[in-house]
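*Asks:* Using the hints, position chain Y against chain H.
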Amino acid sequence: MKLEFEQKIVPDGLSEELDFYGFLSLFDMDIPLLPRKILRPLTAEKGKGHFRRLQDLQKQIEQKKLDLEKIIAQSQKLPLLDFVLPFLENQSLEQFHLYSLGKFVSENQILQELEMECPIAPESSECCLKIKAILETHTQKQFSGLRYTPEEQKLREKIEKLGQDLRTKLSQYEQKIYKQTGLKMIYPYPKEISQEAENFSKIQNCKLISVTCKQDINLVNYRLSPYIKNIVMEKDTLSKKFTHLMKKKLKKINKELHPLFKAFRNYYGERKNQTFYYVLLLVKHRQSLCFPKFQTSLGCTLKNAILPPLGKQKKEKYIPLNLDLDCGANVLFGANMTGKTTVLKTIYFHLTAIRMGLPVPAEYIQLHFPEQVELHLKSAGNIRRNLSSFGEEIEFFTKEIAPSAYILVDELFQSTDPVGGTELSKIFLLDFSHKNLVFFCTSHYREVLHLQDISLFRMKDVDFDEEIGYDLIFNNLLEKIPYQIQRILPENIGNALKESRKPLFIALHFPLPESIKEKIREQLKG
Amino acid sequence: MTVSRNSQISSGESRPYKPKKAMKTLSFIGSDKNAGKTTILNFVYRKLQENTKGKTPICLASIGINGEDIDFYENQPKPTVSLCKGSCFITAGEHLQEVTGKYKMLHNFTNPDFKKIYVLGECLFDFQIILEGPNNKHEILRMKRKVEELLPQSYLLIDGSIDRQFLAHPAISDAFYFVVLISTRKEQFQKAKDLLFSLSLHTCSKKQNDFLKNSLEEDTKSLLFRENNQVLYCGKKIPFLDMKLKKMCIKYKNRKYSIYLNGALSKSLFTFLAPLKNLTIILDNFTLYQNISVHNNHGIIFRPKLLLLYPVKVQRIFLKQETSQYSLPLPENIPVHNLFREDIHEIRI
Numbered sequence: 001m002k003l004e005f006e007q008k009i010v011p012d013g014l015s016e017e018l019d020f021y022g023f024l025s026l027f028d029m030d031i032p033l034l035p036r037k038i039l040r041p042l043t044a045e046k047g048k049g050h051f052r053r054l055q056d057l058q059k060q061i062e063q064k065k066l067d068l069e070k071i072i073a074q075s076q077k078l079p080l081l082d083f084v085l086p087f088l089e090n091q092s093l094e095q096f097h098l099y100s101l102g103k104f105v106s107e108n109q110i111l112q113e114l115e116m117e118c119p120i121a122p123e124s125s126e127c128c129l130k131i132k133a134i135l136e137t138h139t140q141k142q143f144s145g146l147r148y149t150p151e152e153q154k155l156r157e158k159i160e161k162l163g164q165d166l167r168t169k170l171s172q173y174e175q176k177i178y179k180q181t182g183l184k185m186i187y188p189y190p191k192e193i194s195q196e197a198e199n200f201s202k203i204q205n206c207k208l209i210s211v212t213c214k215q216d217i218n219l220v221n222y223r224l225s226p227y228i229k230n231i232v233m234e235k236d237t238l239s240k241k242f243t244h245l246m247k248k249k250l251k252k253i254n255k256e257l258h259p260l261f262k263a264f265r266n267y268y269g270e271r272k273n274q275t276f277y278y279v280l281l282l283v284k285h286r287q288s289l290c291f292p293k294f295q296t297s298l299g300c301t302l303k304n305a306i307l308p309p310l311g312k313q314k315k316e317k318y319i320p321l322n323l324d325l326d327c328g329a330n331v332l333f334g335a336n337m338t339g340k341t342t343v344l345k346t347i348y349f350h351l352t353a354i355r356m357g358l359p360v361p362a363e364y365i366q367l368h369f370p371e372q373v374e375l376h377l378k379s380a381g382n383i384r385r386n387l388s389s390f391g392e393e394i395e396f397f398t399k400e401i402a403p404s405a406y407i408l409v410d411e412l413f414q415s416t417d418p419v420g421g422t423e424l425s426k427i428f429l430l431d432f433s434h435k436n437l438v439f440f441c442t443s444h445y446r447e448v449l450h451l452q453d454i455s456l457f458r459m460k461d462v463d464f465d466e467e468i469g470y471d472l473i474f475n476n477l478l479e480k481i482p483y484q485i486q487r488i489l490p491e492n493i494g495n496a497l498k499e500s501r502k503p504l505f506i507a508l509h510f511p512l513p514e515s516i517k518e519k520i521r522e523q524l525k526g
Numbered sequence: 001m002t003v004s005r006n007s008q009i010s011s012g013e014s015r016p017y018k019p020k021k022a023m024k025t026l027s028f029i030g031s032d033k034n035a036g037k038t039t040i041l042n043f044v045y046r047k048l049q050e051n052t053k054g055k056t057p058i059c060l061a062s063i064g065i066n067g068e069d070i071d072f073y074e075n076q077p078k079p080t081v082s083l084c085k086g087s088c089f090i091t092a093g094e095h096l097q098e099v100t101g102k103y104k105m106l107h108n109f110t111n112p113d114f115k116k117i118y119v120l121g122e123c124l125f126d127f128q129i130i131l132e133g134p135n136n137k138h139e140i141l142r143m144k145r146k147v148e149e150l151l152p153q154s155y156l157l158i159d160g161s162i163d164r165q166f167l168a169h170p171a172i173s174d175a176f177y178f179v180v181l182i183s184t185r186k187e188q189f190q191k192a193k194d195l196l197f198s199l200s201l202h203t204c205s206k207k208q209n210d211f212l213k214n215s216l217e218e219d220t221k222s223l224l225f226r227e228n229n230q231v232l233y234c235g236k237k238i239p240f241l242d243m244k245l246k247k248m249c250i251k252y253k254n255r256k257y258s259i260y261l262n263g264a265l266s267k268s269l270f271t272f273l274a275p276l277k278n279l280t281i282i283l284d285n286f287t288l289y290q291n292i293s294v295h296n297n298h299g300i301i302f303r304p305k306l307l308l309l310y311p312v313k314v315q316r317i318f319l320k321q322e323t324s325q326y327s328l329p330l331p332e333n334i335p336v337h338n339l340f341r342e343d344i345h346e347i348r349i
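Which chain is which? The protein sequence lines are H and Y, in order.
Last residue of the first sequence: 526 (the numbering used here), numbering continuous.
Last residue of the second sequence: 349 (the numbering used here), numbering continuous.
Calculated from the structure, these hints are not laboratory results.
Since we're looking at a predicted model, the values are computed, not measured.
Honestly, I wouldn't trust all of these hints.
[To be verified] In the SDA-like style, the derived pairs of lysine to any residue whose C-alpha atoms are separated by at most 25 Å in a straight line are:
| hint | chain 1 | residue 1 | chain 2 | residue 2 |
| --- | --- | --- | --- | --- |
| 1 | H | 132 | Y | 124 |
| 2 | H | 251 | H | 156 |
| 3 | Y | 115 | H | 265 |
| 4 | H | 249 | Y | 100 |
| 5 | Y | 146 | H | 80 |
| 6 | H | 37 | Y | 142 |
Chain H extracted, bound-state conformation (with noise of 0.2 Å):
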């Protein structure tokens, strides 16, 4: 199986970045049934609905009902039917389609063996069973070929007879030319001599054969004898009739099965969602992943969320991502070089996934379901589309916004002056504070921490010293970043507005020029 997402649910460069495809591919088995499924963004009432379904399956196997890796091994059994259904629908069914028909009903009586205790559509399950009588009263040897009637049975016997008289005749018609002409040939390969040929006056003259000048080639080629010609014949018209037998076979089988079609659609369609499911929960035991918990309210709560290709980078040293995030708007406030934007990556790796509704590499992760998830990063404008990065930003806000959706901005108005970017950010935080949707942004404008109802966090400090003696590298210092959220409370804003120095210490720290160190000292003691 290989998911994919539907197209433009992430943008191209993002979902490199974020590595979703790597994310995807943990869920890769080789599954006939099930080769390919591309997901799209589910509804609220379709995505609680299909992890409230994980769910209980998880509960069916956590209480030993259900044997999951014996429900996989046995679902990797199913052949893909899709070729087929169109066929049992238009009664047009041939031998191969029977085949694989049969296979699949038959491994999946063994798999509904393991499901006994929970299975899937029971009202349409008995179809199976039905479909399966029917192929095996016509067919034999595991679906592989058609059962024969006695009289069927009989004509080919006869067929197989009158093959057998043909290679004996013809054996001895080819040693009969050979006798008078010294010519040794195989049925049906003609030959061709030249007239120069010792035995050529022979060959002109035997009855058997013929001789016909072609070019500057004399093709010899058969003069088969009645006798061999009514076998030829015999055999053919004997072949047709059987031909006819079995295409009214096979019109009866159609006519028997088409009944069931549409039951049998409707489970087969059930049984491939079941098989995705099944597929969902293996990888998440796996790779320890988690479903997410639904509230009512709007909010979302993440322990220990995990992006994976910065896991993957970062190995031990990778800090998890634990945050609240509350109804309205939440403002990320923090020095450069903390790990804002990964914050926020972060958390739209895991919307976005549970948005298509797979499982998501954190510990917990509880939240209204994300309908809709928008991210605006940090650019550079767009010369196609004549947009400057502010025209973009402004762009961004002009989207259709359902309730209960996730907003996620990089650095709200960075993208303009200050002071009008403090002024537009104060604006849009105010008039998201009272919306019924997740806003969540990171900031650099000291002003905002002053607005009211609006949950405020910052990414905790990097811990060096003030006067260290030596230039960090930048390796170093990333290292040094906790990659950590705190949030602030009211009290504690005058601390914050303090750290906003934190640019000047960290520039410090690198290899700069002397006399801009020196400047940066100046502006840090006054």
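*Replies:* Chain Y alone, transformed into the frame defined by chain H:
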């Protein structure tokens, strides 16, 4: 016999195949339409049946469709593939209507791995059938894997086509039967002559071979490299359409270098490369040498050295001679037969 050959056939050439543990894939290609490919396929199939006394499964398949009913040139019915009871076949589902009940199912090759539904079946009767199989390398390889799984130690006979270059890849074919039409039509005759020339091409050195096999990726269409194995260019486009490849060839024309091609050495590419005397061209396999002639091509003298990456694995050449007036230089060490002129009993496969 009016056909000349460069040297005598070595002794022991006509040893029959001994069934090995693995499946053996034999592909059939013809130099032209009506070269008699199906006739030879039928012949080799019957001979294999005799040789193996029915103990080794034989499966017949085709690249694309085999089964034009009518001879394009002469408006005569064309031979079809005649299968015997116990043999296996692969064909598209739509060709099985007339043989319902006469075969036993072994496997259905279905989408999405295959663009069409192909059926692997075993004959319960003798019957004639139109063979149709996948037309691309990946599907053929998948098909082969399944046949090998279901019919180990079998022979897979593929009715191929000279313009399906992947057929010469060692993962696809273990050996070839090459059917050559010696026609009175000038163009056909030249085509046969050029194709026979391609069979006598030598393989590249072990050093080049090792280097290429380590450097090539699945989608590499061309690779330009120096004697010290420094890669100058790696192309993913069809070589004759790859402008960058041509630019690089010009850039290095005064130095000694080699170019690997995994795409037809087309007439335009041939003309372009013809003056490059320092160049060694290594074709992936002999089927890439098509519709061109290094000997006589409208006065163009072809200066590069021409080699092959994969050796020519032509087991036998079968000739169909429309005329006795023309003779063809035949490659060394490949047995040549004329089914219609020699004692058919003596022809070994």
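*Asks:* The structure should be examined with respect to each hint, and the outcome stated for every one.
*Replies:* Results for each hint:
{"no.": "1", "hint": "H/132 - Y/124", "result": "23 Å, holds"}
{"no.": "2", "hint": "H/251 - H/156", "result": "20 Å, holds"}
{"no.": "3", "hint": "Y/115 - H/265", "result": "23 Å, holds"}
{"no.": "4", "hint": "H/249 - Y/100", "result": "10 Å, holds"}
{"no.": "5", "hint": "Y/146 - H/80", "result": "16 Å, holds"}
{"no.": "6", "hint": "H/37 - Y/142", "result": "21 Å, holds"}
Violated hints for the displayed structure: none, as all numbered hints are satisfied.
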